[in-house]
Structures are given as structure tokens and as C-alpha cells.
Amino acid sequence: VQLVESGGGLVQAGGSLRLSCAASGISFSIKTMGWFRQSPGKQRELVAVLVSAGGSTNYADSVKGRFTISRDNAEKVMYLQMNNLKPEDTAVYFCAVLGYLGRNYWGQGTQVTVSS
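Taking my numbering, the leading residue of the sequence shown gets 1, the next gets one more, and so forth.
Note that these hints are calculated values from the structure, not bench results. For each residue, glycine too, the CB sits at the ideal point set by N, CA and C. Honestly, I wouldn't trust all of these hints.
[As the list claims (entries may be wrong)] Cross-link-like lysine to aspartate or glutamate pairs, in silico, DMTMM-like; alpha carbons within 25 Å at most:
#, residue 1, residue 2
1, K76, E45
2, K86, D61
3, K86, E45
4, K42, D61
5, K64, E88
6, K64, E45
7, K42, E88
[What the hints assert, rightly or not] Between beta-carbon pairs, the in silico distance windows are:
#, residue 1, residue 2, range
8, E45, N84, 17 to 25 Å
9, G14, G102, 40 to 48 Å
10, I30, G7, 18 to 26 Å
11, G54, G25, 20 to 28 Å
12, G15, G102, 38 to 46 Å
13, N73, L10, 27 to 35 Å
14, S115, S24, 28 to 36 Å
Using the sequences plus the hints, can you model the full thing?
Right, here's the structure in full:
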């Protein structure tokens, strides 16, 4: 399983970014996947998750109404649309496949920096 994130960068507060996570080596459509983030000195935290069965989504309270998780099963890509970004959203963002063959798989991360 290989996950590759892209789309991070530097943006001003109030701006938008769309992160992408390209997956390979996995049957993409039947897996629960999510986005996590980690800031310096803090633990990695869940940002959003998309459940494979039924396609339901869950978001951290801090991003509700601003971030949207989605996936394209045909292209094996997961997205995180981030709008109205805030400086506190600055972090390394990781995509993950959760609970596949008894473990979680992680991408290498992409840096998102929001300037005030």
C-alpha cells in the first residue's frame, strides 16, 4: 500500500487549498480513509474521516463547515478541500487508510502553512 499526498503550500488566512492523496496497492473503494494533521509539539489529530460502508463522513469540530473530505474511487484519489483557512490549521497533513489487514497505512505528509 502506498499513499502519496500533494497540494500543500503557503496560503493567507481566509484562503483555500485542496489536498490530494493518491493510493496504490489497495482495493480503494472498500476502505475507510482519513486525513490527520500534526503541528510541532502536538500529537497527530484526526481532521476528517470517510467511512467505506455508506460513505458517511466525520470531522473534527475545529474544521466543521470549512473542510470537506471526498474520494474518487475510479481514480483512487482522496481529497481534502480546505476553505477559510486559519493560522491554527498550519500543520503537516497526512492521509491514511484505516484498519486494512489489521493496521493503518500512512502517507509521507504534506505541509500546510497559513499566514495571518
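Hints, one by one, checked against the model:
no. : hint                    : in the structure
1   : K76 to E45              : holds, 24 Å
2   : K86 to D61              : holds, 14 Å
3   : K86 to E45              : holds, 16 Å
4   : K42 to D61              : holds, 17 Å
5   : K64 to E88              : holds, 14 Å
6   : K64 to E45              : holds, 14 Å
7   : K42 to E88              : holds, 12 Å
8   : E45 to N84: 17 to 25 Å  : holds, 19 Å
9   : G14 to G102: 40 to 48 Å : holds, 42 Å
10  : I30 to G7: 18 to 26 Å   : holds, 24 Å
11  : G54 to G25: 20 to 28 Å  : holds, 24 Å
12  : G15 to G102: 38 to 46 Å : holds, 39 Å
13  : N73 to L10: 27 to 35 Å  : holds, 31 Å
14  : S115 to S24: 28 to 36 Å : holds, 33 Å
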